[in-house]
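Asker: The listed protein sequences derive, respectively, from chains A and B. Heads up: the first sequence begins at 1 in the numbering used here, then just goes up one per residue. Heads up: the second sequence begins at 1001 in the numbering used here, then just goes up one per residue.
Do not rely on the hints blindly, as some may be mistaken.
What the hints assert, rightly or not - A few chain A residues that face chain B, going by a derived Cβ cut-off under 10 Å, partial list only:
id, residue
1, 312
2, 379
3, 383
4, 388
5, 554
To be verified - Just some of the chain A residues that point at chain B, by a computed CB distance under 8 Å:
id, residue
6, 259
7, 387
8, 422
9, 550
10, 592
Since the hints were made in silico from the structure, they are not lab data. Note that CB positions come from ideal geometry on N, CA and C, so glycine has one too.
Below are the chains, spelled out letter by letter.
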Amino acid sequence: MDRVLGLFRRQRQNTNVLRLRRRKNAANFVYRHLSKITTALLAVGYLWMALIPILPLSQLVYIDENALQPAQVNTNWNWQDVHQADLYLLQLEGLRDRNATSEQRASFIRDEFAKLGLPAATQRYTFVTSSGNVSGVNAYAIMNSPRTSGSEAIVVSASWLSELGEKPYNLRGVATVLALAGFLKNYSLWAKDIIFVIGDNYFDGTYAWLNAYHGTIPHNLDTDLLELTSGVIWNALNIDYSGHSFSHLGVFFEGLNGRLPNQDLINSLRLISHYTGNVPLVLYDHLEQHDAPQSSLLANTPEFMKRSPQLREFEYRTRNVKKHVSYQARGRPSGPHGLFHQFRIDAITLYAVPANGPHGFFALGRIMESALRTSNNLLERLHASFFFYILTTPGTFMKIGTFLPSAVLVGVAMIFWGLGQWVAAGWVQEFPAELQLQDKEDDSKAVNVATTTVPTVQSIWRPRRRPVLPAIVAILATHTVGLLAFATINTSWFLRNQPLSSLILFLALDFVSLALLAFISSHPHPPETAPLSMLLQSFNLCLASTVISITSLLNFSLAATLAVTLGIPLLCSRGSPSTSLVSQPSWSVVYSVLAWGWLFLSQEVETAVWNWEVLGVWFAPFVCIVYAPLVMQASLVSRSLFL
Amino acid sequence: MDSSSFLPVLVSFRLLLAFIPLHSISGLQHDHQLSSPLTSYARLKEGLWLYGHDIDPYAGGIFRHSPLFLSIFSTVLPPLPIVWALSDIVGAWALLRIWRARQRVGKGSSGRDGLVAAVSLLNPYLFLPSLALSTSTFENTAVLLALMFASEGKPSGALLALAFSTHLSISTFLLLLPVLMLLVTSPVSQLASPQEFRGDLRTACKYAGQFAMYWLVLFGAASVMIGGEWGWLRETWGASLTLPDLTPNPGLWWYFFTEMFDHFRPFFLMVFSVHLAIYVLPICIKFQHDALYASFLLVGILGSFKAYLTLADPGLFLSMFVLFPEVYPYLRHPIVTTLVHIHAALLLPLFHALWVTEGRGNANFYFAASLVMGAAGGMGMVDACFAGLRIAFGDVAEGERDKWAVVQE
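Go ahead and model the full structure; you've got the sequences and the hints to work with.
Answerer: Set out below in structure tokens:
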């Protein structure tokens, strides 16, 4: 019996030892091949990102919410309503030609709404920004639902200006809204209130109206609460029809801070546009390749590549994704619809892509009528379909699982390398006297090569202390510098003296970075402790990885951009044994430019600051307080190697 | 650098914040991370109003604060932000005194005084709930005061503070055993040289009796104050055990019981409650040589697994880490734990906003974030436990390193 028990006991001990050994071997394996693993993760991540537009990663769109029933109604919008819209257009053109003030325009629109028998009002507003005040007057009308108490509402909106097309005035869009108001009033089937909003200017009018409607007036907005209100807004359709006629309808959907509307809305519009209006729906103003080739990527390639349908398809998808990323990463809305999203309203802009024909008010009116009927069918907010997606074409999209891992993989590579540096910082390799020729730097680098801890290696590994406090102070200092830089950029002085002030700020920031470096290196550095640059790089990589993986869900485009701009520069800030190139002093200039070089893009800076002050887009503070300091830390790391 | 010169700066900074009416602070009061139904300021005011108008505040299922809060805030003090600031400062002071008692510094100042106070006053997990006027600030201060008096060998103060603490939040009852052990032993670190418990058991029993007495007096006072009704028992302490309000919080209970079928509820409530209690004995036995460390670990358990968790609970655990610098070199993976904490701290508010404000996500998002938070809390605890035991083995000699390893099984 004892022998049997003993057998068991010994076996258990053995399994424990085995497990320990296995664990240790696995850790050793990972650590030994860390640079390979990191490179592989990085490569897979970037490759995945590059392949996002390819066909196999996308899937066909579908309607998830059964209540929507898109394109299932007979529409009643007719030529007589088109004529009405034309009459409105004539008067609006008169207003435009007379250079009417915001006040005059808004009161004209309000009066027209009132003539239709709708309760209508105007709203004045002023935004105070560091680049001057922005003010205007909005007009809006509410059509009470004949069937219900009006606890829910749909918004049909148009802004006075258009930034999408070539013509600056969205006159036909406004005329469509007015004519629709007169037309929709004649039907008793509406189960939701319909609110017609004509926002002044482009973004700010609609934004002021929305804030006043929801009672969330920011401190820099001077306006009154609205005279007329309705219920909870569920959906909003914004019309941008600035050209003369259109051939396609373009859909714009990106909202503030990268928020997207529920995909069901876009898919419904696609079906309605196809089947009710006989108008093809496209993304943005990108016509499909077979309609009108607008080649950009393939312009300078051989003929056979230009003709390859696969490549052309890829190019078309790439253009769509690029446009999406350029809106989403910067957090800017792609149209006035984007302002609705933060109030939990699913909204899109329908853009009439300018052309010589064949479509006009007739098609747009029918599509709008049908789309409103579809929205009218809803019994609950849109929730079934996707909120996180990339539309590669109007008919195909990517689920989050097919694009999110690309950015996360880059983040994982960074965190692996950061943790590797942390481990490496904890050990120092000592050689017997005759071998002690190598300098200290090589010591720390050589750590990557050998932790096999086989006694045949003649060196001895000794643990050393890792003083984290200076590294943390350096990190906090860079982020504080970023905060101060952001405060400077937000001043009207900076925006007025743009090129000069950018230069001053850039040099000042570079100087601060050097001063910071001097301050850090002035601390006594006992020989038994890890070099600061190692710890700083480790923390820097871990932080950057955290930022990338967390933003990847909220705003994938931003995370992917960060993964591209931060990934390799941060990983290489200490140089690696194979690339001595990086350890040139000139490289620190590269880091400065990467961190703060954007200061010289004056137009971009001005827009970003305006977007932050008026619309509350987080992009400007994010770049100043999170992104640039991370690169600054990398520059500290690379510079501290020369001390 | 004499770090104790920070102290007045920190204290005045905290006091100043109580007087500045910051625009963003009012938004914090409704944040689910910072205050739970048991600690929310809005509910406290509601209860005080009802109480002032002679309506039983415990009747409506809204008010779940202890009657002691009712009596204090309706008579002695008005619920002004300055009270929270003072409570924060008292908490920091208590932490400092614990530190000094552990290091046997006495009246003079140790080199790390400023750091200890800063870790308590600037810890965002403690600081933000205090700005949100969550009553968890007072619960934490009571715990720290109990530990402070116990470390200084003042039984009456320690037991009274602990009795208060259990009245404010029933789960701190788990700290009774380590506090009693601390009273009859010394707070000085024994981690490196573990030995058998040498406190006087008879004295400990006497102290337990004393605690029971204080507790009963407070209990009687609370019952008298509320007018002899017993409804408050179910609403305050009962809420921690039966979870009637499923408002989301960073803890692990709410989602689980949202999804639970009703007929399994009592069983799993029992499991979750007992789960908290089962750690007391093992930890107190294993760390019988250092009762302060045992109470630190139990604070960590409460800070990850208790019902109606708010960020103030893990915050107390993280701040108490500063008391034990001797274990830092033996922490197994401090940087990984820190990173998980950073992830959790960022994910919680973001996923909360995605679900509640923006409507893009759903409850699963927030639950996932609270799981990350639970993992971070658990990793911190396991790490602290490991380091507290590992330190006894000391450093491994140079030649021995490859021959044996210390693991936690």
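Asker: Next, verify each hint and record whether it holds.
Answerer: A quick look at each hint next to the structure:
no.: 1; hint: 312; verdict: violated, 34 Å
no.: 2; hint: 379; verdict: violated, 16 Å
no.: 3; hint: 383; verdict: holds, 8 Å
no.: 4; hint: 388; verdict: holds, 7 Å
no.: 5; hint: 554; verdict: holds, 6 Å
no.: 6; hint: 259; verdict: holds, 6 Å
no.: 7; hint: 387; verdict: holds, 4 Å
no.: 8; hint: 422; verdict: holds, 5 Å
no.: 9; hint: 550; verdict: holds, 5 Å
no.: 10; hint: 592; verdict: violated, 27 Å
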